[in-house]
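**Student:** For the protein sequence lines, the chains are R and V, in the order given.
In terms of my numbering, the first sequence is numbered consecutively and its last residue is 365.
In terms of my numbering, the second sequence is numbered consecutively and its last residue is 365.
In case anyone wonders, no lab produced these hints; they're calculated from the structure.
Model, not experiment: these values are computed from the prediction.
Mixed in with the good hints there might be a few duds.
Identical copies carry no separate label here, and so any pair may be met within one copy or between two of them.
[Stated by the list, open to error] DMTMM-like mimics (lysine to aspartate or glutamate), calculated; alpha carbons at most 20 Å apart, straight line:
{"id": "1", "residue 1": "Lys-105", "residue 2": "Glu-47"}
{"id": "2", "residue 1": "Lys-182", "residue 2": "Glu-172"}
{"id": "3", "residue 1": "Lys-105", "residue 2": "Glu-117"}
{"id": "4", "residue 1": "Lys-277", "residue 2": "Asp-83"}
{"id": "5", "residue 1": "Lys-78", "residue 2": "Asp-31"}
{"id": "6", "residue 1": "Lys-110", "residue 2": "Glu-306"}
{"id": "7", "residue 1": "Lys-105", "residue 2": "Asp-83"}
{"id": "8", "residue 1": "Lys-188", "residue 2": "Glu-172"}
{"id": "9", "residue 1": "Lys-162", "residue 2": "Glu-362"}
{"id": "10", "residue 1": "Lys-110", "residue 2": "Glu-47"}
{"id": "11", "residue 1": "Lys-41", "residue 2": "Glu-9"}
{"id": "12", "residue 1": "Lys-188", "residue 2": "Glu-140"}
{"id": "13", "residue 1": "Lys-41", "residue 2": "Asp-85"}
{"id": "14", "residue 1": "Lys-162", "residue 2": "Glu-306"}
There are 2 protein chains.
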Amino acid sequence: MLDEKRVRRVFGEMEERGLTQMMVSDPNAIFWLTGKWIFPGERFLGLLLRLNRPAVLYVNILFQFEEEIGVEKVYFSDTDDIVPLWKNEIDPQQKLGIDKVMPSKFLLMMMENNVAAGYTGGSIAIDLTRQVKDEREQELMRRSSRINDAAMERFVKLVVPGVSEIEIAEQLLPIYKSLGAQKYSFDPIVSFGAHAADPHHMPDGTVLQEGDCVLFDVGCVADNYCSDMTRTFFYKREPSERDRLVYETVLKANRAAEQMLRPGIVLSTVDKTARDIIEAEGFGPYFTHRLGHFIGIEDHEYGDVSLANQSVTRAGNTHSIEPGIYLPGEMGVRIEDLVLITQNGHEVLNSYPKDLEVIG
Amino acid sequence: MLDEKRVRRVFGEMEERGLTQMMVSDPNAIFWLTGKWIFPGERFLGLLLRLNRPAVLYVNILFQFEEEIGVEKVYFSDTDDIVPLWKNEIDPQQKLGIDKVMPSKFLLMMMENNVAAGYTGGSIAIDLTRQVKDEREQELMRRSSRINDAAMERFVKLVVPGVSEIEIAEQLLPIYKSLGAQKYSFDPIVSFGAHAADPHHMPDGTVLQEGDCVLFDVGCVADNYCSDMTRTFFYKREPSERDRLVYETVLKANRAAEQMLRPGIVLSTVDKTARDIIEAEGFGPYFTHRLGHFIGIEDHEYGDVSLANQSVTRAGNTHSIEPGIYLPGEMGVRIEDLVLITQNGHEVLNSYPKDLEVIG
Numbered sequence: 006m007l008d009e010k011r012v013r014r015v016f017g018e019m020e021e022r023g024l025t026q027m028m029v030s031d032p033n034a035i036f037w038l039t040g041k042w043i044f045p046g047e048r049f050l051g052l053l054l055r056l057n058r059p060a061v062l063y064v065n066i067l068f069q070f071e072e073e074i075g076v077e078k079v080y081f082s083d084t085d086d087i088v089p090l091w092k093n094e095i096d097p098q099q100k101l102g103i104d105k106v107m108p109s110k111f112l113l114m115m116m117e118n119n120v121a122a123g124y125t126g127g128s129i130a131i132d133l134t135r136q137v138k139d140e141r142e143q144e145l146m147r148r149s150s151r152i153n154d155a156a157m158e159r160f161v162k163l164v165v166p167g168v169s170e171i172e173i174a175e176q177l178l179p180i181y182k183s184l185g186a187q188k189y190s191f192d193p194i195v196s197f198g199a200h201a202a203d204p205h206h207m208p209d210g211t212v213l214q215e216g217d218c219v220l221f222d223v224g225c226v227a228d229n230y231c232s233d234m235t236r237t238f239f240y241k242r243e244p245s246e247r248d249r250l251v252y253e254t255v256l257k258a259n260r261a262a263e264q265m266l267r268p269g270i271v272l273s274t275v276d277k278t279a280r281d282i283i284e285a286e287g288f289g290p291y292f293t294h295r296l297g298h299f300i301g302i303e304d305h306e307y308g309d310v311s312l313a314n315q316s317v318t319r320a321g322n323t324h325s326i327e328p329g330i331y332l333p334g335e336m337g338v339r340i341e342d343l344v345l346i347t348q349n350g351h352e353v354l355n356s357y358p359k360d361l362e363v364i365g
Numbered sequence: 006m007l008d009e010k011r012v013r014r015v016f017g018e019m020e021e022r023g024l025t026q027m028m029v030s031d032p033n034a035i036f037w038l039t040g041k042w043i044f045p046g047e048r049f050l051g052l053l054l055r056l057n058r059p060a061v062l063y064v065n066i067l068f069q070f071e072e073e074i075g076v077e078k079v080y081f082s083d084t085d086d087i088v089p090l091w092k093n094e095i096d097p098q099q100k101l102g103i104d105k106v107m108p109s110k111f112l113l114m115m116m117e118n119n120v121a122a123g124y125t126g127g128s129i130a131i132d133l134t135r136q137v138k139d140e141r142e143q144e145l146m147r148r149s150s151r152i153n154d155a156a157m158e159r160f161v162k163l164v165v166p167g168v169s170e171i172e173i174a175e176q177l178l179p180i181y182k183s184l185g186a187q188k189y190s191f192d193p194i195v196s197f198g199a200h201a202a203d204p205h206h207m208p209d210g211t212v213l214q215e216g217d218c219v220l221f222d223v224g225c226v227a228d229n230y231c232s233d234m235t236r237t238f239f240y241k242r243e244p245s246e247r248d249r250l251v252y253e254t255v256l257k258a259n260r261a262a263e264q265m266l267r268p269g270i271v272l273s274t275v276d277k278t279a280r281d282i283i284e285a286e287g288f289g290p291y292f293t294h295r296l297g298h299f300i301g302i303e304d305h306e307y308g309d310v311s312l313a314n315q316s317v318t319r320a321g322n323t324h325s326i327e328p329g330i331y332l333p334g335e336m337g338v339r340i341e342d343l344v345l346i347t348q349n350g351h352e353v354l355n356s357y358p359k360d361l362e363v364i365g
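Please build the complete structure, drawing on both the sequences and the hints.
**Tutor:** Listed below in structure tokens is the structure:
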């Protein structure tokens with residue numbers, strides 16, 4: 006059902022940008038606004054939001070549905086001309102906000118047929134609103150990360166002699182499901198030893214060796230909300246002095262960044278705090294990505310924690326804090342939590358321990 | 006490596022449409038042209054094809070790669086301004102063909118910065134070329150369907166007393182993998198009884214009952230090419246007279262449509278041939294979708310076998326033939342093969358038997 010509170014918040018962002026009408030086509034945004042998932046494939050899907058008139062959902066008849074979701078439905082078939090249906094509802098005297106992911110073929114059709122007075126990016130009005138999770142979303146984010154914590158306890162037990170990365174990875178989904186999640190929020194990363202130096206390594210047949218670092222970057226979707234956590238362990242042997250320094254430096258960066266979080270902090274300074282700690286130990290060149298990304302219904306949502314982002318944190322933001330040090334050909338460590346910005350500070354949504362742990 | 010033959014065929018289609026330059030952003034099309042898979046997520050990805058100059062690949066530095074693929078690579082980072090990079094290569098005096106799936110945010114950026122003299126849909130030049138599979142693609146399509154045939158033999162053995170749809174569905178992927186496929190080409194449909202009346206039913210916890218029809222609509226991806234086949238069985242009991250008539254009518258429609266296939270046939274007449282057979286038995290209102298879709302690297306590619314499609318078949322086309330009859334609340338039957346149009350006729354790519362089979 007159309008969430009009137011969320012719609013009103015989006016309207017506020019539209020008004021600030023001089024927009025009176027906007028075509029939303031991202032299935033994630035439509036779910037967030039209406040509670041209804043529709044995946045149209047190559048077909049048109051659009052929720053037309055208008056400041057002073059009811060919302061209209063354009064949806065192919067193949068995806069028709071009975072339930073009322075608080076919007077007028079306009080159905081069309083593969084052989085219908087959709088242009089007159091747009092013209093019935095879109096105000097030709099006004100600019101139309103366009104969803105960033107709407108396929109270009111539909112934008113070109115709108116332009117060729119003059120359905121609006123102009124076209125401009127409109128997603129930002131929704132993206133900025135989605136960045137601030139409401140109470141219900143906050144609770145779902147907490148729950149998804151609680152499942153992820155419980156799952157990590159069981160994942161660690163899969164690290165047994167002779168196992169390969171892919172053999173571990175293939176056991177994770179049933180564990181998530183048994184804990185109440187529906188699916189992965191992204192393909193899990195399980196990396197041994199030097200593979201951990203590639204932040205996006207895909208699990209392969211490499212077999213576990215004593216002394217390996219073992220990195221899990223994993224997350225699930227539970228009730229439509231994502232979790233995402235990374236922990237790095239050492240297998241069977243205490244790490245070398247150097248590897249211990251790598252681990253403790255990443256952990257220090259992780260904790261320092263988290264501790265400074267509260268509303269009103271410039272996001273680039275959060276990245277810089279973590280980066281400075283890593284640079285002070287001489288590992289600066291080996292921390293090769295931004296500190297974090299926003300997350301919610303999607304694993305990567307609009308907004309990041311990077312040196313380039315001068316926006317400030319707002320209560321209700323949920324994002325990752327994930328510093329790492331990657332030594333090519335040798336090893337890598339990343340420690341990642343999700344955090345929620347609260348009215349007075351922050352909550353770390355993950356509780357799986359972060360102190361250096363030798364397993365196996 | 007850039008496939009020069011395929012590029013030349015695309016150039017032919019571009020020239021017919023007065024296009025000298027085109028930005029290709031669909032990862033499937035880029036793979037088909039270069040052999041390289043790149044999934045950019047929300048980031049820009051574009052292969053600029055130009056009639057008289059080398060191709061240029063725009064790709065985020067996050068996805069950089071070593072190998073030479075016969076194109077000039079232009080890397081950019083998340084903080085770079087991509088507009089000057091476009092302006093370096095795009096001819097501002099000429100129209101630019103735009104990929105149908107390119108996210109609107111990039112098209113709006115191009116327009117605001119006047120990178121070309123105009124913008125027009127360009128994908129059709131690639132879509133029409135991709136419809137005609139070359140020898141290598143034909144062999145890969147045959148192989149993917151051979152795996153699908155072998156898989157179906159094993160899927161039928163999963164239909165045992167007390168099993169649910171979802172329990173069967175969860176066993177399919179390992180079988181595909183053991184036969185040499187990499188993944189599903191789409192989420193498998195396993196429907197018992199009345200669920201088979203919903204052509205897009207998702208497997209759930211419903212338990213098998215004696216007398217149920219059992220519908221499998223399944224396919225895999227092997228070496229990047231898709232298979233897609235549907236078979237409908239009856240469990241334990243001979244079907245009623247009516248259900249037998251439904252089955253035999255669908256089978257007759259399937260065979261009649263396949264038998265007429267050769268180059269130069271108007272696709273709508275193929276749909277009509279199948280539809281007429283179903284209508285003649287009074288089931289017309291219960292055949293609720295088009296007869297088929299084109300397929301290749303993607304499960305659904307440009308083109309379909311429907312009453313609305315006046316294009317003619319060409320040697321090298323691969324598409325489905327999938328008539329069905331759906332009796333709401335009761336049962337449904339669909340029988341689907343993939344076919345390849347050859348110089349003189351056609352090949353049916355699936356060999357799993359189609360005669361009515363009572364299993365269990």
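**Student:** Each hint needs a verdict: does it hold in this structure or not?
**Tutor:** Tested hints:
no.	hint	result
1	Lys-105 to Glu-47	both (16 Å within a copy, 9 Å between copies)
2	Lys-182 to Glu-172	both (17 Å within a copy, 14 Å between copies)
3	Lys-105 to Glu-117	both (19 Å within a copy, 14 Å between copies)
4	Lys-277 to Asp-83	between (51 Å within a copy, 17 Å between copies)
5	Lys-78 to Asp-31	within (17 Å within a copy, 30 Å between copies)
6	Lys-110 to Glu-306	between (24 Å within a copy, 16 Å between copies)
7	Lys-105 to Asp-83	between (23 Å within a copy, 16 Å between copies)
8	Lys-188 to Glu-172	both (18 Å within a copy, 16 Å between copies)
9	Lys-162 to Glu-362	within (13 Å within a copy, 46 Å between copies)
10	Lys-110 to Glu-47	both (10 Å within a copy, 17 Å between copies)
11	Lys-41 to Glu-9	within (14 Å within a copy, 45 Å between copies)
12	Lys-188 to Glu-140	neither (23 Å within a copy, 38 Å between copies)
13	Lys-41 to Asp-85	neither (24 Å within a copy, 36 Å between copies)
14	Lys-162 to Glu-306	neither (31 Å within a copy, 43 Å between copies)
Checked against the numbered hints above, the structure breaks hints 12, 13 and 14 and satisfies the rest.
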